[in-house]
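Asks: If you want the building blocks of each chain, they are given just below.
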Amino acid sequence: MVNTKVCTKLLALAGFSVAASTVMVSAHGDMPVVEYEKFTLDNGLRVILSVDTSAPVVATFVHYHVGSKNERPDRTGFAHFFEHLMFEGTKHIPRNTVDKLVQGAGGRLNAYTTFDETGYQIEVPKNELKLALWIESERMLHAVINETGVETQRAVVKEERKSRLDNQPYGSILENVAKYVGAGTPYEWTPIGSAQYIDQATIEEFRQFYKQFYVPNNAVLALVGDIDIEETKKLVKAYFDEIPRGAEVKQPDFTFDIGKNAVEEEIVEEQTPLPALIYAWRTPQQSHPDSYALQLLTTVLAQGESSRLYRTMVDEKQLALQATSFPFSLEKGGLFAMLAISRSPAQSLDELAEELDAIIEKVRGEGITDQEFQRARNQIETQYANSFNSVVEKARALAHAEAYYADPGRINTEIDRLMAVRKEDIQRVANAYLTTENLVVLKYTLPNR
Amino acid sequence: MKLIKGKVAFIFLIFATMAETLVAQQIDRSQRPEADLAPEISFPPYTTFILDNGLKVFFVEDPRPLVTMRLLVRGGNAVAGEQTGLGDAVADLLTKGSGENSAQKFAEKIDFVGGSILASASEDAISLRASGLKKYIEAIAGLFAQVILEPRFPETELTKYKALQIDGLEASKKQADFIADYAVSKVLYGNAPFARMPTKEDINSISRDALLDYHKASFSPKNSTLALVGNFSPEEAKEFVEKYFADWKSASKAPQLLSGGVKIGNQKIVLVDRPTSVQSAVRIVGPGPGYTDHDRTRAFLVNSIFGGGTGLGNRLAMNLRETHGWTYSPYSYFTANLFGGSFVAAADVRNSVTDSAIGEIIRELERMAGERVLAEELNLNVQSSVGNYLMSLANPERTAARVQNIDFYGLPSDYYDKLVDVYTTTTADDILGIARKYFQKEDMAVVVVGKASEIREDLERFGEVTLWNEDLEPIRTVSATQVGIDANDAWEKMLDAMGGKAQLQSVTALSMEGAAVLNAGPQKLQGTYKMVQAYRNKEFVELTAQFSGQSMTLFQKFTNETTAAQIQQGQKIPMSDEDVQKQIAAAHIMVEAWLNELKGGVELQGLKEIDGAEYLVVEVNREGVDEHVYYIHSQTFLPYRIEAGETVVIYSDWKEIDGGIMQPDGLTIQFGQVEIGVSNISYTVNGTVDEKIFQAP
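Protein sequences appear in the order of chains L and R. If you number the first sequence the way this note's numbering does, the last residue is 449 and the count never jumps. If you number the second sequence the way this note's numbering does, the last residue is 697 and the count never jumps.
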């Protein structure tokens with residue numbers, strides 16, 4: 001009853017959930033294959049269409065290849081701020097009506113900003129496909145960027161920060177992890193950024209950002225649902241063809257230096273309910289083969305009640321209310337993290353650290369058992385079979401694969417790459433990345449009350 | 001030639017332009033595109049069958065390589081008995097040892113095949129969900145059946161469960177939302193065992209025998225239903241279920257459920273005092289339609305208009321967020337269980353606008369029940385509700401759960417077939433009628449979790465305020481006439497407790513210094529707090545803090561008989577003449593002992609219970625100074641808490657210092673969002689004081 005509620009809530013608040021890393025899917029064995037069609041408009045917009053008739057609905061997903069890593073260090077929070085501005089209205093869509101239009105049609109819409117990308121998703125009954133295309137093409141063609149909209153969203157973003165970060169237990173984990181793991185790279189700040197920079201920016205800077213990044217040649221449109229491919233192609237052209245191509249967008253070029261990044265930091269916040277310990281290591285970018293081995297490693301360590309972290313720390317020794325690990329893979333680098341929340345206010349973090357250290361040492365020294373290896377493979381397979389439960393998830397995965405790999409079909413072969421990981425690879429990556437020289441330690445301790 | 005060619009090209013260009021114009025006309029960007037013909041909506045197909053032992057099964061086909069099963073067992077936390085949280089414990093411990101498997105062995109087996117089996121309890125049911133790949137489903141179903149038919153509830157696991165729940169409860173109780181949920185529950189259901197906040201004692205008193213008894217009585221095929229989703233034919237589905245559940249025997253009779261229902265008592269304004277709150281969790285609650293009430297579906301439309309459909313600009317959001325900017329996401333909902341239905345409207349707002357926000361929510365409820373909704377607003381919400389329903393049909397697990405719920409709550413079997421019709425035929429009069437039925441002032445209550453010392457008085461304009469503590473127990477307050485001691489007596493006793501009036505008056509200089517912790521929002525700083533006072537109105541206060549190894553002065557206050565100043569981070573704070581006079585008056589040394597001479601008056605407000613201790617609440621008034629409220633301990637007569645305007649000071653650990661007078665070892669100063677905790681305070685009485693210290697630089 002009580003505890004599970006708290007745990008999931010605490011983790012969700014910390015801004016992490018395993019589902020947050022975009023999961024790709026599989027053509028492995030009996031897994032269904034996602035069929036799709038891809039074409040490119042003259043203005044450079046890449047379009048992917050896929051038919052799914054499980055319900056009379058259709059989803060659009062627009063992926064702009066701009067995230068917080070594209071920001072200037074003295075203008076952090078810009079990409080996320082834009083996600084908000086794009087709901088302010090366009091030349092033909094009055095202010096604050098985007099939500100109303102979609103929800104009034106019985107649809108849903110959402111948007112998010114990560115370190116690498118900004119994504120817009122709309123899901124509507126299939127007879128409202130044109131509405132979704134109209135909204136997304138209007139956003140790309142002529143979003144209205146004026147003082148009214150900027151002022152309104154400045155206030156809204158500050159409130160969002162307050163409710164998501166400042167007032168939430170462990171709300172600052174992502175910021176602190178990014179600060180130390182991403183140190184010296186554009187990953188050292190998070191998408192929410194700093195309010196002061198948004199306050200300092202001029203209207204001209206916002207217009208320039210739009211002109212630079214919200215161009216068809218920096219975007220992918222994926223469309224999945226109960227559609228007629230030929231008819232939909234015509235509609236997409238009708239709505240998007242006239243949008244002018246922009247200048248080529250240059251992505252920042254960097255990689256993480258693995259190692260030489262050890263930091264230990266104590267964080268005291270009024271809203272921390274229980275002491276917590278976070279370990280985070282730098283790992284390679286999402287396209288690197290080792291990122292697959294790291295996914296299996298996290299499964300062994302943290303998935304299910306027979307996983308090493310749960311078994312030792314929560315069940316046997318009863319030191320932690322929750323203990324988990326997760327990989328976080330981005331375009332230019334990644335991280336692997338472990339998190340343990342103390343059972344009680346009096347619980348010392350040293351004891352938690354001792355256990356975490358022993359667990360890491362064991363996997364580095366002895367690797368994993370045959371049984372654990374097979375278990376992880378089975379869990380991963382199940383997870384992947386579950387990852388396409390809606391047309392929106394499919395559209396997002398297709399757009400993602402196109403944006404980063406120029407190959408939407410990669411979603412059908414992702415499971416093969418996971419299944420290609422060998423047992424010894426898991427020990428190898430633990431030794432390569434989970435080192436003390438590469439370790440960032442964050443200690444959330446309780447305020448003196 | 002050339003010319004002609006040019007002409008042809010020119011003509012061709014005109015055609016091309018025309019063609020483009022035609023395309024452009026197809027999409028008139030200035031208008032919202034017209035919707036195509038709405039798709040047919042029909043509830044997805046499903047199959048129902050009943051095993052010989054009485055287990056009812058609902059099956060929905062799904063082409064994906066996954067299988068899910070959901071067993072719904074009637075009873076939940078409401079199986080007769082006074083034990084709170086028994087259903088929760090049963091649900092949690094089902095998977096902690098069954099058949100030949102220990103909890104650990106079970107976890108290994110289910111994890112090995114990538115499956116999951118989870119159970120949870122609500123007020124009226126326990127539900128268990130199993131899922132996994134179809135190729136491993138035999139192993140998963142075997143474990144699922146074992147959990148349902150032969151759980152062992154080992155003592156060792158029960159002990160661990162209790163310890164974890166008690167720790168979890170402590171952590172949860174620090175969150176206002178958690179307290180608010182249970183406060184709402186208590187207002188709706190009173191002290192019904194299935195609805196109240198569990199206590200440590202509740203958790204500790206759960207026995208293995210009680211778990212076994214619960215299982216024996218409730219876990220029976222006739223008291224349960226199963227929903228199955230997967231890539232089977234209906235025949236295969238039946239065979240599959242029979243393989244695992246045909247041998248399950250029914251208990252002789254179904255378990256008795258507790259009776260209960262939504263009933264708002266006489267406590268219309270409940271305030272849960274959470275002294276650390278900077279925000280109030282406001283909940284306005286009332287009755288709602290039960291599952292089988294005919295107006296339940298349309299009540300969802302009422303809610304969508306009122307506080308449900310966020311993006312549609314519902315009234316709650318338009319008012320509280322858009323117009324007033326008091327809160328980020330207010331919301332409301334109707335919910336129901338076997339005991340009836342209820343309504344909740346919720347908003348988290350800062351202390352100072354708590355009563356205003358409540359006033360506005362009530363105003364919106366009255367508007368909903370008093371005025372007919374406009375056609376446009378109604379249509380928007382109807383369209384949205386129909387569309388949401390349509391989109392939900394893609395999820396076969398949801399379909400199966402819906403069919404199962406129809407059976408569980410006794411809804412008509414064509415409920416979902418008629419749903420769209422019910423939505424689309426709803427009129428503005430229907431909406432008005434439903435709002436009038438449920439949004440009646442005398443049937444509703446206001447629940448607030450917040451800082452009583454700041455918001456209580458404001459709430460009194462809505463009616464008599466019932467005060468609860470964080471354990472949701474009434475805080476006993478006694479009015480002044482019942483206390484049996486008058487204010488002057490209380491004040492004298494306080495002075496005696498502090499060392500005696502004469503001793504206190506003999507203090508002409510007092511210095512104190514302690515370690516300080518400063519909390520301002522997410523920031524937390526370590527530092528020192530220092531105060532020096534001299535007869536009569538001389539005072540110096542200084543707060544310093546450590547910034548990356550460096551000590552910085554954050555705040556200084558200077559008072560010197562006729563002058564007063566405050567410096568904050570190096571900046572002088574502008575003060576009016578009145579501010580200066582107030583500061584001088586307030587700076588009087590040992591002011592409590594001089595109250596008579598200063599022509600101050602005391603008035604007893606009553607007796608208040610806080611954390612098990614009783615305090616006399618005494619209001620102190622004297623000219624030129626803001627009103628102060630002293631909380632004096634009813635046994636020790638030492639002051640515990642002083643409220644002055646927006647500032648609250650709480651004293652702890654009184655100790656004897658030089659001159660036989662008593663002073664606190666620790667104190668906490670709260671001012672708005674800022675809190676300063678001072679500990680290990682050392683004192684010097686009548687020592688030498690450099691008078692220059694009282695003069696601002």
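Just so you know, these hints were derived from the structure itself, not from any lab. None of these values were measured; they are calculated from a predicted model. Some hints here could point you the wrong way.
Distance condition first, Cα-Cα at most 20 Å in a straight line; then the derived EDC-like pairs of lysine to aspartate or glutamate [to be verified]: (1) R:K160 - L:D315; (2) L:K162 - R:D28; (3) R:K174 - L:E270; (4) L:K237 - R:D36; (5) R:K524 - L:E351; (6) R:K162 - L:E188; (7) L:K126 - R:D36; (8) L:K317 - R:E155; (9) L:K130 - R:D293; (10) R:K173 - L:E269; (11) L:K362 - L:E351; (12) R:K105 - L:E305; (13) L:K317 - R:E157; (14) R:K160 - L:E305; (15) R:K162 - L:E270; (16) L:K91 - R:E155; (17) R:K109 - L:E230; (18) L:K130 - R:D28; (19) L:K100 - R:E322; (20) L:K423 - R:E108; (21) L:K130 - R:E542; (22) R:K109 - L:E270; (23) R:K109 - L:E305; (24) L:K158 - R:E322; (25) L:K91 - R:D36; (26) L:K317 - R:E40; (27) R:K173 - L:E270; (28) L:K234 - R:D626; (29) R:K109 - L:D315; (30) L:K233 - R:D28; (31) R:K692 - R:E492; (32) L:K126 - R:E40; (33) L:K126 - R:E157.
Facing chain R, from chain L, some residues (calculated, C-beta under 7 Å) [claimed, not checked]: (34) V57; (35) P125; (36) K126; (37) N127; (38) Y197; (39) V268; (40) S306.
Don't be surprised by glycine CBs; every beta carbon is placed ideally from N, CA and C.
Asks: Identify every previously stated hint that the structure contradicts and give their numbers, smallest first.
Replies: 2, 5, 6, 9, 15, 16, 17, 21, 22, 25, 26, 28, 31, 33, 38
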